[in-house]
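Trainee: Using the sequences and the hints given, assemble the complete structure.
Note that the protein sequences, when read in sequence, are chains A and B.
In case it helps, numbering that gives the first Met the number 0 puts the first sequence at residues 0 to 365.
In case it helps, numbering that gives the first Met the number 0 puts the second sequence at residues 0 to 365.
A few of these clues could be false.
[To be verified] If you want the ones that stay clear, here's a sample from chain B, every Cβ over 12 angstroms from chain A, calculated:
id, residue
1, Trp68
2, Asp196
3, Met232
4, Lys309
5, Glu323
6, Ala332
7, Gln363
[Stated by the list, open to error] Derived BS3-like pairs: lysine-lysine, alpha-carbon spacing no greater than 30 angstroms straight-line:
id, chain 1, residue 1, chain 2, residue 2
8, B, Lys74, A, Lys309
9, B, Lys164, A, Lys309
10, A, Lys141, A, Lys336
[Said to hold, decoys possible] Among the chain B residues that face chain A by a calculated CB cut under 10 angstroms, a handful are:
id, residue
11, Leu76
12, Arg77
13, Phe79
14, Ser116
15, Leu120
16, Met124
17, Tyr153
18, Leu245
19, Ala246
20, Thr273
21, Cys279
22, Ile324
These are calculated hints, taken from the structure and not from any lab test.
Glycine residues also receive a C-beta, built at the ideal position from the N, C-alpha and C atoms.
Protein chains: 2
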Amino acid sequence: MNIARIETIPYKIPYITPLAFATGRIDNVENVLIRLWTTDGVMGEAEAPSRPYIYGESQQSIITAINEWLFPSIKDLRIFDKEKIAQKMAWVVGNYTAKAAIDLAIHDAMGKYLQMSCHQLFGGMSNQLTVSHMIGYDSPEKMAEQALAMRQQYGINSFKVKTGKDYRKDIKACTEIRKCLPDATLYLDANHGWRADQAISVYHAIRELDFAFFEEPSPAADRIGRHRLNKEMAIPVCGDESCISLADVSREIFDGISSMICIKMARTGITESTKILHLCEGLSVPVYVGNQGDTQIGTLNSLHFGAAFKHACEKPAELTNFLEIRDDLQADALEIKEGKMRIPTDSIGMGIHIDEHKLNYYRQDR
Amino acid sequence: MNIARIETIPYKIPYITPLAFATGRIDNVENVLIRLWTTDGVMGEAEAPSRPYIYGESQQSIITAINEWLFPSIKDLRIFDKEKIAQKMAWVVGNYTAKAAIDLAIHDAMGKYLQMSCHQLFGGMSNQLTVSHMIGYDSPEKMAEQALAMRQQYGINSFKVKTGKDYRKDIKACTEIRKCLPDATLYLDANHGWRADQAISVYHAIRELDFAFFEEPSPAADRIGRHRLNKEMAIPVCGDESCISLADVSREIFDGISSMICIKMARTGITESTKILHLCEGLSVPVYVGNQGDTQIGTLNSLHFGAAFKHACEKPAELTNFLEIRDDLQADALEIKEGKMRIPTDSIGMGIHIDEHKLNYYRQDR
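Mentor: Here it is, written out as structure tokens:
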């Protein structure tokens with residue numbers, strides 16, 4: 000059960016509708032599928048997304064980092080030696096999603112090797128998660144329609160409202176969505192798009208609307224602004240793009256910048272995500288499992304991690320992004336019923352099953 | 000792989016020489032061996048020590064808690080669902096070593112079920128630990144002799160100096176030991192035996208002796224005294240008996256009472272110890288793996304946990320207590336060579352092998 004080989008396959012699938020947010024937009028999934036083989040023929044799979052505006056990684060940089068730096072550093076190590084593997088990869092700075100994909104593939108391989116479902120290998124708290132859906136930018140009316148349609152079709156009743164471009168319009172969108180969904184769990188994400196004073200204005204304008212938390216309302220780099228904002232707010236400020244490592248999470252909490260944390264498999268894999276989760280559990284800091292433009296493959300990682308741990312499965316997790324993508328490498332479609340996503344009882348590893356025909360069609364290296 | 004049955008066996012083995020420390024003395028190991036069977040016949044083993052002056056638990060209370068409260072709460076759960084198991088046991092307050100023994104036995108069972116060594120299942124950072132030895136109370140000269148003999152016989156070069164009864168005598172003991180062992184790693188443990196002002200006096204008297212840290216020098220309950228002490232000290236103050244849960248660790252660090260943490264398998268098992276370790280790693284708080292009057296069984300738990308994680312294996316671990324006990328249930332004797340204890344390459348689970356003849360001889364329930 001030692002690491003023998005890693006294959007890196009870039010692929011591209013268009014979004015149905017391009018995804019818009021405060022710092023950019025995405026037209027295509029541009030990921031690298033990795034296949035990690037062990038000496039006894041077990042294969043773990045995962046993928047690394049290229050997200051230049053968050054991690055600075057391209058498909059090319061991911062492939063180079065894995066083939067030239069990371070794989071040679073961990074070749075021949077046992078897949079279960081996750082701490083040693085993390086340590087051996089530590090000399091490479093950055094390259095978050097490349098490292099996380101290796102860690103995710105290793106955990107998939109562990110599950111397959113043991114013929115166990117990963118969520119049970121990790122902690123087995125639950126076998127399902129409550130699903131949250133992200134409502135992308137649009138007119139306030141269309142955003143409310145989006146949410147109602149998701150509730151109608153999937154029973155989803157938790158929504159992230161994307162904000163951060165025009166705070167006056169954002170207030171209208173929040174108000175409109177709450178009007179249409181009086182009992183839903185709502186929170187917003189401004190991706191650092193507001194100034195601190197604007198975030199404070201939004202908070203006071205919508206405080207009767209019972210939003211659960213604000214994610215990255217103002218730039219985390221504006222420490223004084225965030226402190227001013229946090230002093231005003233009764234609900235947590237959640238750190239996402241400012242909290243992409245264990246060290247980041249620790250610093251942002253202690254500096255009083257964030258009081259809740261978004262955990263994403265795509266950047267911290269299983270090993271570092273578990274450390275972040277435990278740090279937050281120890282500090283009574285809430286967390287939720289977020290989405291990084293996930294396909295069904297990434298969604299399966301979030302599902303298995305989130306379901307495994309008590310402190311992670313308490314909040315709705317963002318598991319719907321794959322619905323926005325025109326197609327998917329995963330052969331069996333994931334199901335959302337009555338607002339929940341369940342892990343099938345016969346699931347092994349992360350439950351990933353690649354459709355080889357689709358992979359051949361979407362891969363960019365042939 | 001579901002929990003089917005737990006057997007609780009009280010047993011007693013005398014110490015070669017009674018163990019003396021600031022708050023009491025121990026003449027005998029009085030533990031409860033637990034055997035946890037799964038539905039498919041796998042058996043995980045561990046033990047709970049009775050330590051009234053730290054946890055308030057007796058052999059009887061341990062047996063009652065397991066048989067009447069804890070086992071009925073977790074019967075039929077899968078052994079891998081450790082988060083769910085911890086949650087189901089949470090309604091029982093206290094009973095630290097009873098709960099920890101179940102968690103340890105479950106992890107032993109996981110390893111046996113998977114035919115894997117636990118240290119590799121947990122993280123696989125290393126397959127060995129540097130060993131530290133605790134020097135019990137005696138005259139300064141005899142304490143130095145103890146240390147020299149351990150170095151001679153086992154190559155050990157890290158020592159905990161037990162202090163906390165008479166601070167003037169303690170200063171002499173520290174001075175004598177450092178004179179005999181100029182290059183050893185030395186630290187001391189006063190078990191809350193000094194007042195804060197005495198601890199400050201000791202610190203200044205021995206600051207040239209290069210001690211690594213002070214463990215529980217003054218009562219943790221004297222918060223103001225500890226703050227005064229911490230202000231004076233350049234080296235960490237380590238929390239042990241004040242840090243027996245994840246919540247304790249978090250509080251003691253944030254209140255500025257302790258700046259280093261002793262992790263003990265006997266009280267927090269694998270699941271909660273891992274959370275404590277990750278909390279501390281995230282906060283850059285050093286930890287070491289301590290001993291709770293461990294037999295070879297408890298020592299194996301410490302060895303597998305400590306070796307698995309980078310942040311745990313960096314410091315010497317206390318793995319010699321079993322040398323002070325007249326006999327042991329473990330069939331294969333653990334070896335310390337050149338100051339290290341290694342996990343054999345063919346180890347499965349926690350590597351526990353009970354000698355059934357000895358168990359029959361030492362058990363107290365027949």
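Trainee: Starting from the hint list further up, note which numbers the structure goes against and sort them upward.
Mentor: 4, 9, 17, 22
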